[in-house]
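Trainee: This is what each chain is made of:
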Amino acid sequence: MVGVVIVSHSAKIAEGIKELALQMAKDHPVFTAGGTQDGGIGTDPMRIQEAIENADQGDGVAVLADLGSAVMSVDLAKEMIEPELSARVFLANAPIVEGSIAAVVEASLGSSLDKVLQTAADAKNMNKE
Amino acid sequence: MVGVVIVSHSAKIAEGIKELALQMAKDHPVFTAGGTQDGGIGTDPMRIQEAIENADQGDGVAVLADLGSAVMSVDLAKEMIEPELSARVFLANAPIVEGSIAAVVEASLGSSLDKVLQTAADAKNMNKE
Amino acid sequence: MTAIEAIKLAGQAIIEEKDFLTDLDQAIGDGDHGINMARGFSSVFTKIDALKDDADISMVLKTVGMGLISSVGGASGPLYGTAFLRASAACKDKNAIDAVTAKEMLDAAIKGIQDRGKAVKGEKTMLDALIPASEAIGTGIDAGKNVVECLKDAVEAAQTGVEYTKTIIATKGRASYLAERSIGHQDPGATSSTTMLKALYEYVK
Amino acid sequence: MTAIEAIKLAGQAIIEEKDFLTDLDQAIGDGDHGINMARGFSSVFTKIDALKDDADISMVLKTVGMGLISSVGGASGPLYGTAFLRASAACKDKNAIDAVTAKEMLDAAIKGIQDRGKAVKGEKTMLDALIPASEAIGTGIDAGKNVVECLKDAVEAAQTGVEYTKTIIATKGRASYLAERSIGHQDPGATSSTTMLKALYEYVK
Ligand SMILES: Nc1ncnc2c1ncn2[C@@H]1O[C@H](COP(=O)(O)OP(=O)(O)O)[C@@H](O)[C@H]1O
Ligand SMILES: Nc1ncnc2c1ncn2[C@@H]1O[C@H](COP(=O)(O)OP(=O)(O)O)[C@@H](O)[C@H]1O
Ligand SMILES: [Mg+2]
Ligand SMILES: [Mg+2]
Ligand SMILES: [Mg+2]
Ligand SMILES: [Mg+2]
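Residue numbers (the numbering used here), protein chains in the order written: chain A, 147 to 275; chain B, 147 to 275; chain C, 78 to 282; chain D, 78 to 282.
These are calculated hints, taken from the structure and not from any lab test.
Ideal Cβ placement from N, Cα and C applies to all residues, glycine included.
Some hints could be false.
Just a few of them, taken from the derived set where beta-carbon distance is under 10 Å, the chain C residues facing chain B [claimed, not checked]:
id	residue
1	Gln103
2	Asp107
3	Asn113
4	Gly151
5	Ala152
6	Arg251
Make a model of the complete structure from these sequences and hints.
Mentor: Dropping the structure here:
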């Protein structure tokens, strides 16, 4: 199974997304790195690294992030982890809430990392009107 | 100022987004309707209605929602509020986290409701790669 | 025979099927449909008990609709809520429901669900039970059947509709995340719709 | 003159400007740049104090980079963190820094910031202080100036760069949400970069 990591500036957002996603796919490996180490708003590459390492089951990890600086922290985290693992970790080009839920459901069906990332990216086009 | 309402299935997500957005625009009228009345996961048209009524300052309200059923609850809430207010309440066709932050900043600049909705919708195209 | 009694039986039938509906939703959704609907009808019961004894059918249905809207929490809240409100509007000032009125009410409910959820037949939703049910009532009316006979046909059509939902892909609601993987599972909302229709038929028969 | 002393002075200068940097970020961002950077350097100080006395410049800069990465929390964390790591790599095994090495280190830092943040000059970021600073060092080297003279020019160029950021629209980072409304405000990151360069110059002069 492809693991999913949710990186938000806010711990509340990251945890809320995880809860929502797990409703649709109980027991799926979903890990969060929300907020800074001291509980503030921000991102922490070290905790992102840890979440990625926890989420991987050998089939890779799809990472969802909220704002630009979270993206930078994810890139940095990827540089810090083992290259062998890092090679199967990708940031989804997707909105964090809509993309995470789609990604977790897709991953829980046993889909490939590519498919999971694509499904997350497609969540951009979710029409709300 | 255009008010902003954040409607999520999760109270944590809604509150986290509000905190994040207010960092960028202190004191802006941002109201949340997250989760169900009893603290569970879901949406509540009555609380959405209340949030919209609180958010309006006369210049209209942009509403951001997470999943399809939140959209239905927003539509229903719009039908329950005063038609005069309802006419200036619109759901943004935008991702909830990325769109809310963009919308709140845009609204805090004194932009029109149309501009706020457009900016929120543009947040779809935020590139994370 | 009163509208309040009919609603209570429909609600009780849902509450009895709570776990079954939730299990169905667990398979292709977020596992809360039974919980949502049971919570909704509990809240409806409280509101209905507060109604005056002379509340007419339309008033009772309106109370059901508002009660579901304010308490269900899931997509089925706005959907069934709107359905009951529209059915209420379709029987204003009526004190008895014949087959034609029953079809008008059901069609108004279906229209409400479609206005709200933008779904059509064949998307694996409650509509796949309710639309065939309405069609069956129409056929019954043409054949000169009474309201009880029509309702019997409606229940059968709805049950067939539920079976049909097993064979199709969900394209609306949460089950649509599963795409082809939703095949083989019956739709929770179609199931709860059928449960309510059946309870109604059992009551009037 | 030691690298540790230089870093401590740069960090202290940032900590002294904490409120100013935060106010700048309040105007066009999320109002945390001073807080982020002050927290970052406090954490760096602890790590640096734990270093052996014979830690070389490269080692000290690496410690700074890792310290900032793990504690800043904002965009400036990965950006400055990467910058210090790259500067560290650019002075490996060096015990003294001449003007040429200083420019190599600064260019490596700039490259790191660009790899990380994908920005170019003119987007209202720290690069609008750092790139002119590097260019000034280059011009100084060509004119035969020593490292202290070059650093003096670098500080002036960075200060001019900060002024320049007032005149342009932010297209990267949070200030880009404000588009034209970011004009008139100086960039917090360009400001903190200049503060650090200035502290370094004050120390070596
Ligand atoms: N757009 C829609 N149109 C019609 N019915 C829908 C729609 N979306 C969902 N449904 C119905 O709602 C049911 C799910 O209800 P429920 O589980 O209570 O809500 P949620 O999906 O929000 O958790 C589905 O089984 C389906 O019948
Ligand atoms: N993509 C980028 N490239 C270069 N510098 C950037 C970029 N994004 C932001 N910055 C710099 O970071 C500064 C903001 O840092 P800080 O406030 O600590 O982070 P955040 O914006 O995450 O709160 C900006 O003033 C700008 O100089
Ligand atoms: Mg459900
Ligand atoms: Mg639900
Ligand atoms: Mg900031
Ligand atoms: Mg910040």
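Trainee: Now look at each hint and say whether the structure bears it out.
Mentor: Do the hints match the structure? See the list:
1. Annotation: Gln103 (chain C) was flagged as interfacial toward chain B, and the flag is violated, the nearest CB pair being 14 Å apart, outside 10 Å.
2. Hint status for Asp107 (chain C): holds, given a least beta-carbon distance of 8 Å to chain B, under 10 Å.
3. Taking 10 Å as the C-beta contact cut-off toward chain B, the hint placing Asn113 (chain C) at the interface holds, the least distance being around 7 Å.
4. Among the interface hints, the one on Gly151 (chain C) holds; its C-beta lies about 6 Å from the nearest C-beta in chain B, closer than the 10 Å criterion.
5. Of the supplied interface hints, the one on Ala152 (chain C) holds, with its beta-carbon coming within about 4 Å of a beta-carbon of chain B, less than 10 Å.
6. The criterion of a C-beta within 10 Å of any C-beta in chain B is met by Arg251 (chain C), whose closest approach is roughly 8 Å, and the hint holds.
Violation of the numbered hints given earlier is confined to hint 1; every other hint is satisfied by the structure.
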